[in-house]
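Protein chains: 2
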Amino acid sequence: MNLQIGEFSPEELADMYGTPLLVVDVSKVKERIEEFKLHLKEIPHLLCYSVKANPIPGLLKEISDTVLLEASSPGELLVSLKASKPDRIVLDGFKDSDLITAAMKLNVFLLNSDSIQELSEIGKMKMDLDFQVETIFGIRVSLGLKGESDIVSTSTLEDKFGVVPEQIRDALRISNEFGLELKCIHTHIGSQIERPGTYREVVERMFSLPHSEEFDLFDLGGGFGIRYSKTVPSLEAFLGELSDAYLEISDRVGFCPKIILEPGRSIVGESGYFISREKTRKKKGRVEWSIVDLSTNHLLERLYLFRTYPSWNEGNEVKIGGPLCFSGDELGVGRVSNGLLVLKNCGAYTISKSSQYNLYPRPKVILVDGYKSWEIKEGESYLKVLNDFGAD
Amino acid sequence: MNLQIGEFSPEELADMYGTPLLVVDVSKVKERIEEFKLHLKEIPHLLCYSVKANPIPGLLKEISDTVLLEASSPGELLVSLKASKPDRIVLDGFKDSDLITAAMKLNVFLLNSDSIQELSEIGKMKMDLDFQVETIFGIRVSLGLKGESDIVSTSTLEDKFGVVPEQIRDALRISNEFGLELKCIHTHIGSQIERPGTYREVVERMFSLPHSEEFDLFDLGGGFGIRYSKTVPSLEAFLGELSDAYLEISDRVGFCPKIILEPGRSIVGESGYFISREKTRKKKGRVEWSIVDLSTNHLLERLYLFRTYPSWNEGNEVKIGGPLCFSGDELGVGRVSNGLLVLKNCGAYTISKSSQYNLYPRPKVILVDGYKSWEIKEGESYLKVLNDFGAD
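Going down the list, the sequences are from chains V and B. In terms of our numbering, the first sequence opens at residue 1 and continues consecutively. In terms of our numbering, the second sequence opens at residue 1 and continues consecutively.
Just chain V, same shape as in the assembly (with noise of 0.2 angstroms):
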């Protein structure tokens, strides 16, 4: 097996650290944010990381040099201001008035808001408030796109986040009302965008949007695909497609909002890696299964939404099955060679979604850079797990 994960195999990480284990190659994920720039560099941006992709704390300060973070939580505000400093963090999602409180104070750098209802909210609060406030203010609207998957489609007419178009001048008068600089609309499609010309016509759609021209902001989201189970066009094509319409449309109106992009699975996605052990192999009539120390419940969108991650090693192919009680936590068919399964592309919601089901221990996760290596996230022991469950 001629693999490697910087400048390591995956064998000696796992016989350094454990398994299972997350790895992540930090130097990628660099790579890729510099690729973002580099294909965005014709058009006014900013490049912002969506902590819920994958929130652990080591990661985040390895790249918040390099861009923005945006938070969506009250935790994802807390691990975003232990990495970066507030005038560096976007806020996006549902807030209570707390959440919203500390934004302000902390005058975080932008503040996209959800509703009309939370905008006026947010106007009162701001308006009680005796100090100032350097945030920018957003409004989400959806753009009445659908994503490429039901369950990660956000931008619809119906689902539950942001307003619909007409509601922008609400928004507007509401912010007027109050004294409440709105300057940005957000929008975000949803997850595991596979075409290019999707962002074609969210560009095209928010230039359309009533009253755009009063926006000095277009915060688009992200949701670029990247490669699971079948090929996914390059970042270069996605990012292409957006810099091409935004030129030609910012040309034609004769305005330049800023551009602001908040990916999170396609900065870590390709550069996570799961290593696990097999633990039995066992034959059931004529069938041959590897059953390995990693589960479903540390890839939950494995299981119930992309169905594939790649496996790296060479090796018969054999049917992969996690160890938890429930049929669905099978891996797919895979390879194990030397006694692991590889998984790739393992970077992005996976352990931010990952379960202590059946009382199984969260993996330990690693950051690996060149011939560097070391532990951000330690693995869980028994004793913890029952602690969390209530044990005393």
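Please keep in mind that the hints were generated in silico from the structure rather than gathered at the bench. One or more hints might be untrue.
It does not matter which identical chain is meant; a pair holds if it fits inside one copy or across any two.
With a Cα cut of at most 27 angstroms, we get these calculated BS3-like pairs of lysine-lysine [as the list claims (entries may be wrong)]:
no.: 1; residue 1: Lys283; residue 2: Lys124
no.: 2; residue 1: Lys283; residue 2: Lys41
no.: 3; residue 1: Lys146; residue 2: Lys30
no.: 4; residue 1: Lys30; residue 2: Lys279
no.: 5; residue 1: Lys124; residue 2: Lys364
no.: 6; residue 1: Lys61; residue 2: Lys230
no.: 7; residue 1: Lys126; residue 2: Lys283
no.: 8; residue 1: Lys344; residue 2: Lys124
no.: 9; residue 1: Lys183; residue 2: Lys384
no.: 10; residue 1: Lys82; residue 2: Lys384
no.: 11; residue 1: Lys30; residue 2: Lys319
no.: 12; residue 1: Lys37; residue 2: Lys319
Starting from the known structure of chain V, arrange chain B on it as the hints suggest.
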């Protein structure tokens, strides 16, 4: 709202403990256990609670006098030992050699092996031991029956569990070779079975397995459906069908194995209630949304498998969303009254599968018994969640 959990209203519990809150009415759990025993009284049987459905130690302690505990992982064996005694524990699932040794040293009541390979490993290990092992051994067999949901179907000839019927002869041969008393055949056909007739078929197939007369115990697993979205038959209907089939066939074939059942969902599911509080009410176009503080990462089966948990409250129907930055985080159409949404039938596979996605804490769990209520799992702080992901 005249709804009660024990002697409490949801409002009282929400005020006392905060939200989101999982409440388990332990007197209902105990009644359910008695109902199982009542409807099984015609046949020799043992009742076992499947820990994975809800593994909170404080709940296990309440019921471990009346049922055996079924563990299917190292963590579940540990938590079972905290609540019960080794001779009242059944061990299923995949096992590494440490877990097998531990189970034999402890003399757990029954160890159901999953494969020929595992059985032969157990045999070798037992021969090397210098103490008496009282544990009974079993072998899990797939009956070739499909469950009623693709994803929770665990007795087909293709899934990862157990052996095919033709391998029972091998299992007996290997057990003889190593002096291992193989006394149990074990099966489990899946989850949320909704046709009582399925259990008649399970009993028929168990009696028809090769060498079935050599086994003293038939462990039939669990899977009895409960009422999520639609009406399912009563427990009496399921167990009546099972008992009748057993009595007819055992009379005909002339042997009377003891039946073991391992329900989880049907013991705790209907006794659990999630109480959540509305955080925001928003209008998006003409649709009204209530955003509550409970999210689908605590209701994963709701999201992907069974779709709906009935809500309990009065009031107008609105669309209910959780706070997650994920469009799939919809709790359906429900009723919010006095600012609360109460979901019924949440006792099983909610807290055991819950995650901290978006860095949201997992909820507190309390037990209610008539006029008494007490906390058995504390709610998590944001700081705890951050630490879980590796913050220092």
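Here's how the hints hold up against the structure:
no.	hint	in the structure
1	Lys283 to Lys124	between (66 angstroms within a copy, 19 angstroms between copies)
2	Lys283 to Lys41	neither (55 angstroms within a copy, 38 angstroms between copies)
3	Lys146 to Lys30	neither (31 angstroms within a copy, 47 angstroms between copies)
4	Lys30 to Lys279	neither (34 angstroms within a copy, 38 angstroms between copies)
5	Lys124 to Lys364	neither (44 angstroms within a copy, 32 angstroms between copies)
6	Lys61 to Lys230	neither (32 angstroms within a copy, 49 angstroms between copies)
7	Lys126 to Lys283	between (66 angstroms within a copy, 22 angstroms between copies)
8	Lys344 to Lys124	neither (48 angstroms within a copy, 37 angstroms between copies)
9	Lys183 to Lys384	neither (46 angstroms within a copy, 36 angstroms between copies)
10	Lys82 to Lys384	both (24 angstroms within a copy, 14 angstroms between copies)
11	Lys30 to Lys319	neither (34 angstroms within a copy, 41 angstroms between copies)
12	Lys37 to Lys319	neither (40 angstroms within a copy, 39 angstroms between copies)
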